[in-house]
Amino acid sequence: MSLMINKKVDDQTMTLYLKGIVDITTTAQLNPYLEEITDQLKALIFDFTEVEFMDSTGIGSILNAIYLAQEMEFKVIFKGVNELVDQVFDTVGIYQILETVQREEI
Amino acid sequence: MYHGKFTAPHPDGSSHALDPFLQREIKLAKNIQSTLLNGEVPTFNGGEVSGSSLPARLIGGDYYDFYPLVNGKMRIVIGDVMGKGIPAAMLMILTRGAFRSASESTKGPGDTLRAMNQALFKDLRALGSFVTLFCADWDPKHYMLTYANAGHNMPLHISGSTGNIQTLSKVKGALVGGIPNLVYTEEQMHLDKGDMVFFYTDGIVEAQNTEQEQFKLERLIQILQENKDKSAEELQESVLSSIHTFTEGLPQKDDITMVTLKITSDNSDITSLNSPVI
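Those protein sequence lines, which keep their order, are chains A and Z. Under the numbering used here, the residues of the first sequence are numbered 527 to 632, in order. Under the numbering used here, the residues of the second sequence are numbered 255 to 532, in order.
Hints were generated in silico from the structure; no laboratory data involved. Since the model is a prediction, treat every value here as computed from it, not as a measurement. Idealized CB from N, CA, C, for every residue including glycine. Any given hint could be a false lead.
[Stated by the list, open to error] Selected chain A positions facing chain Z (Cβ under 7 Å, derived; list incomplete):
hint, residue
1, 560
2, 583
3, 619
4, 623
With these hints in hand, go ahead and build the complete structure from the sequences.
Here you go:
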């Protein structure tokens, strides 16, 4: 089981395509992508279309990206949210947190 | 009657190569967590509660607790700290302190979660961590369960009269440590004699077998259905046994924790309690 991350940068938007398992054994792979973000970035898009499983550590990584966005003033956008990811995000309240944090930025 | 149990399945774990002093300290940490999870249990007439927790490693980040209130109600909490092992266990202890402190000064489960979020938010944010919690007050006089949710999966209600099993009416609330000043809404449900409420962490439904298939909610419901006439403690043993059978001895990937509230008669006064301020 593994996580593959493909990155696409278009203008001031970075898209991270996640494929596989986002859990305690793989989620650290996201860190280098978050570390390379500069204040030029306007939006970070996570594409979850091919995510098969996400545990609490994976959720923590997405949360930390949201906090980084709050600090560096860029948007976080979710795309390709499949049923599994939607259920996890809905249960833990990720949507509520994202909405609250980004509303505060405005 | 209450039952509290905390067991570690892998006493040898992967610690063979560890420094003996470190091994000793980990064992002491495990004992501290086990002792705190198995604190004094109150007497419960007319019903029973049981809790059990099985960490995936030597110690874990799952948490459950019972806190009887002087108004005759009993506060129940179950939670799951992000991550596993020692880091999660340290934050679990922090969570326990926040729950017990909040329970003394708050009037309902929603208020308790609000107070816990306020108390823990800065630390959890600084550590890049969070806790999901489900908190409920059982009122034995009026047979009412009042509950609030901070990002946790909804418990299951097992009807004593029909045998039907379904999740409690959904109540939303974000995890603890996400954003400050959150207000947690409450829901209520009337329970009848023979009813049970099964609180659990995701380590149960996400347990995997050799074919990487998950245990899933459907199997949990089936096991609860088959064992609904057992005591709360026996029911939990049946759930654990089914998971072990399903996983065919594979190492446990996540902490497994459950709490069962069972109403057994019309008289369910709580008689032996802690003494919170309110």
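Exercise for the section: State the violated hints by number, sorted upward, taking the hints as numbered earlier in the document. Expected result: 1
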